[in-house]
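Visitor: Respectively, the protein sequence lines represent chains V and U.
In terms of the numbering used here, the first sequence opens at residue 678 and continues consecutively.
In terms of the numbering used here, the second sequence opens at residue 678 and continues consecutively.
Certain hints may be false.
Examples of chain V residues toward chain U, derived with CB under 10 Å [claimed, not checked]:
1. M765
2. R878
3. E900
4. F975
Treat the hints as calculated values from the structure; they're not laboratory data.
Where is the CB? At the ideal position from N, CA and C, for every residue including glycine.
Number of protein chains: 2
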Amino acid sequence: MAITVIGSIAIDNIETPFNKTGDILGGSASYFSLASSFLTDVKIIGVVGGDFNKKHLKVFKDRSIDISGIKTEEGKTFHWAGRYGYDMSDPETLATELGVFSSFKPAVPHGSKNDMLFLANIDPDIQFNVLQQMGSPKLVALDTMNFWIEGKKEKLMKVMELADIFIINESEARLLTGESSIFSCAKAVLKSGAKILILKRGAYGATMFFENKFFMVPAYPLENVIDPTGAGDSFAGGFLGYLDNTGDMAFENLKKALVFGNIMASFAVEDFSVSRFASIKADEIKDRFRKFREMTYFEEL
Amino acid sequence: MAITVIGSIAIDNIETPFNKTGDILGGSASYFSLASSFLTDVKIIGVVGGDFNKKHLKVFKDRSIDISGIKTEEGKTFHWAGRYGYDMSDPETLATELGVFSSFKPAVPHGSKNDMLFLANIDPDIQFNVLQQMGSPKLVALDTMNFWIEGKKEKLMKVMELADIFIINESEARLLTGESSIFSCAKAVLKSGAKILILKRGAYGATMFFENKFFMVPAYPLENVIDPTGAGDSFAGGFLGYLDNTGDMAFENLKKALVFGNIMASFAVEDFSVSRFASIKADEIKDRFRKFREMTYFEEL
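Only chain V is shown next, with the shape it has when bound in the complex (with noise of 0.2 Å):
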């Protein structure tokens, strides 16, 4: 029972309307990593550059995932820099250098093969090139971005046929499908092969349509949002930790596995950086599920 995640390991800078950051750890798979592993065991694979600080490192050691598959390359770990609005949604990019990212030739370890996989947010290229790698995963999940749907669509398809879960944000599945409404959307992803897909709404939940199944969730809501950047990567982090845990993909408990994405991500945004998912407490998860729960719940007629 592990989930294995191949994505960005960064440095960002982050400004938001009320704070600016200096150099922090951010990343797909940062975020991904550390989410999930307060539902299952987790193993990265990525890359770092020389300049990368090893007490970057320590984050991921102290919650026991497993980063042998973490290179280090010479050249300059992936930054990004990115500027939120009085909306804290959808960042101004203003810098991405890719650095060691981009010669990035992942190697799958051995015991990687059979996991669960997570082909977060990066070049549809390296992500068929990993999927070539593994041996029989439990279950692959794919993310993506505009980027990539407007630069290697094709490779993209290639990828989303090989994917059991797509998880992605609504305005990109717009983009990748033509399609206005959700529905229309869902039905031209699923035939591509995906048997679950998931839409991210940001500050405003996610929807999940599986078999002609569909389950809606707003976003656990918040007191105070210091900075939305890795909710997304931490919400698959949730979903998919839960499903590795329980290993049931039955529908009822998808819909719980969501419920844990959304938590996930609302932990992930009450900080900058990974920094809040050092302090969660013991029963914290489980008391916003309980808490979510009653906020969602109403009775029949």
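Starting from the known structure of chain V, arrange chain U on it as the hints suggest.
Guide: Leaving out everything else, chain U in the frame of chain V:
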């Protein structure tokens, strides 16, 4: 058991990226009364001009709505023209002509004085005036908009002090209170005297605050949204209609009422004007309630 609504009866011109209408029936009192007419008895207080086509009155009569409080005055009926973009939210206002509404002096009929009262989004001076004429209304609910928050805040606050339920857009609650978190908004609004606050989030649903309790729902998802106009007033109609029908102000019943609001809004946007209300079949409302519960329900841990 009845609700009286004071609000606009309008002639609208609506443009969407897919369609353009001629002169169609609109206005907050129109949407509200038709939506709530499926759940309780409704009376309208309003005004139209000499140009108002009497065929529109038949729409109300067909739903047994009491229109004896609609005055006809010399001049033009209130007119609004708006244009929606591809995201089908936040329309651009192309024209607002108050017409007979600008000098409207509403008279509350004797039979309405102890009803549940909905003060739809109109001039707070008119809302206050109506409140002064009421006897012992069973319950007072209030809507407003940016324009009045910015222009007549003082009078609006006086109306708020007399209202039990406040139903406004989330963005307007932020403008009104100067708070960004919805929890802080709620604290500020509920301090003014209202017992229940409902924040409407357009295509993303609604949240409700009552005592120290909190409830949130996504919007009822639709394959095809034709015209979002009137969704908020139809929501209020469904919510208050169910409350008036059941007479039960317990939190579990307030939740169901919110879902009825959601569902009546979902009908409103499926056609231009109030047309969809004419074609709702006997079981369609309960059927959407049941479906909505299925798509949002998840089990305890």
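Visitor: State for each hint whether it applies.
Guide: Structure-based check of each hint:
Because the closest C-beta pair between V/M765 and chain U is about 9 Å apart, less than 10 Å, the hint holds. The interface hint given for V/R878 holds, since its Cβ lies 7 Å from the closest Cβ of chain U, which is under the 10 Å cut-off. Nearest Cβ of chain U to the Cβ of V/E900: about 5 Å, under the 10 Å cut. The hint holds. At its closest, the beta carbon of V/F975 sits 4 Å from a beta carbon of chain U; the interface hint therefore holds under the 10 Å criterion.
In this structure, none of the earlier numbered hints is contradicted; all agree with it.
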